[in-house]
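S.K.: Next come the chains, spelled out residue by residue.
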Amino acid sequence: AQSVTQLGSHVSVSEGALVLLRCNYSSSVPPYLFWYVQYPNQGLQLLLKYTSAATLVKGINGFEAEFKKSETSFHLTKPSAHMSDAAEYFCAVSESEGAQKLVFGQGTRLTINP
Amino acid sequence: EPEVTQTPSHQVTQMGQEVILRCVPISNHLYFYWYRQILGQKVEFLVSFYNNEISEKSEIFDDQFSVERPDGSNFTLKIRSTKLEDSAMYFCASSVVGDNSPLHFGNGTRLTVT
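Here the protein sequences line up with chains A and B, keeping their order.
For reference, each letter of the first sequence is one residue, going 92 to 205 in our numbering.
For reference, each letter of the second sequence is one residue, going 584 to 697 in our numbering.
Since the hints were derived computationally from the structure, they do not count as laboratory data.
Here the structure is a predicted model, which means the values were calculated and not measured.
Each residue gets a CB set at the ideal place from its N, CA and C atoms; glycine is no exception.
Check each hint, because a few of them may be wrong.
Stated by the list, open to error - Covered stretches of chain B (in silico footprint by chain A; criterion: 3 or more residues with CB under 8 Å from a CB of chain A, positions within the stretch not fixed):
1. 610-624
2. 627-634
3. 654-663
To be verified - Some chain B residues near chain A, calculated using beta-carbon distances under 8 Å:
4. E639
5. I643
6. F674
7. S678
8. P685
Construct all of the structure, not just a fragment, from the sequences and the given hints.
M.R.: Here you go:
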């Protein structure tokens, strides 16, 4: 069975600092991996996805994530945090190529300090 | 940009009552989904729907739940006899067919069962 673990339910960084949100997954087959962001009172918005084409994936808003099979990780990074990055971030895994039965992590709330 | 819309944004109901949560997926999408998030817990897959039938459902999606696409635009989730533990945020999502296309989520309906 698939599972996702996000280390740290809350992460706080200063504006301009590096953002690192951790995600480890468990999957019996090569996975499809996703990061979603949820701003207050909004739905989940796709940041980026990994589908085996390249291990370093670039997404929207300057975020990127690197797939490391040996570490079963898919950590999300951004070199320089903006105040507008404050949100909840969810890592998710899927084994299917068609219908998206996503298994989500518990989410990480990112706070940006001025 | 096209959006998935959900109504109402907040629904309060008494235990044992039936509720219908409504969603309008993006018009050219053919896969439809319901996910839910109990407060403080992970986002969980409930059901996927394609070609007018359920393609996959989770253990959560028991006989109390049903989905329907009553016309060409709406996609509904019905809970026949609500329980306190059904209180959650319910997210509708849609995607185009195949090729691991990303899910587009609505803003959610917060269901409170009293």
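S.K.: Give a verdict on every hint.
M.R.: Taking the hints in turn, this is what the structure says about them:
Here's how the region 610-624 of chain B fares: 4 of its residues keep a CB closer than 8 Å to some CB of chain A, so the rule of at least three is met and the hint holds. Counting residues of the region 627-634 of chain B whose beta-carbon sits less than 8 Å from any beta-carbon of chain A gives 4, enough to reach three: the coverage restraint holds. Given as covered by chain A, the region 654-663 of chain B fails the check, having 0 residues with a CB less than 8 Å from a CB of that chain where 3 are the minimum. Checking E639 of chain B against chain A: minimum C-beta separation of about 6 Å stays under 8 Å; hint holds.
This hint is violated: I643 of chain B has a C-beta 12 Å from the nearest C-beta of chain A, more than the 8 Å allowed. Checking F674 of chain B against chain A: minimum C-beta separation of about 6 Å stays under 8 Å; hint holds. The interface hint given for S678 of chain B holds, since its Cβ lies 6 Å from the closest Cβ of chain A, which is under the 8 Å cut-off. Because the smallest distance between the Cβ of P685 of chain B and any Cβ of chain A comes to about 4 Å, under 8 Å, the interface hint for this residue holds.
Of the numbered hints listed earlier, those contradicted by the structure are 3, 5.
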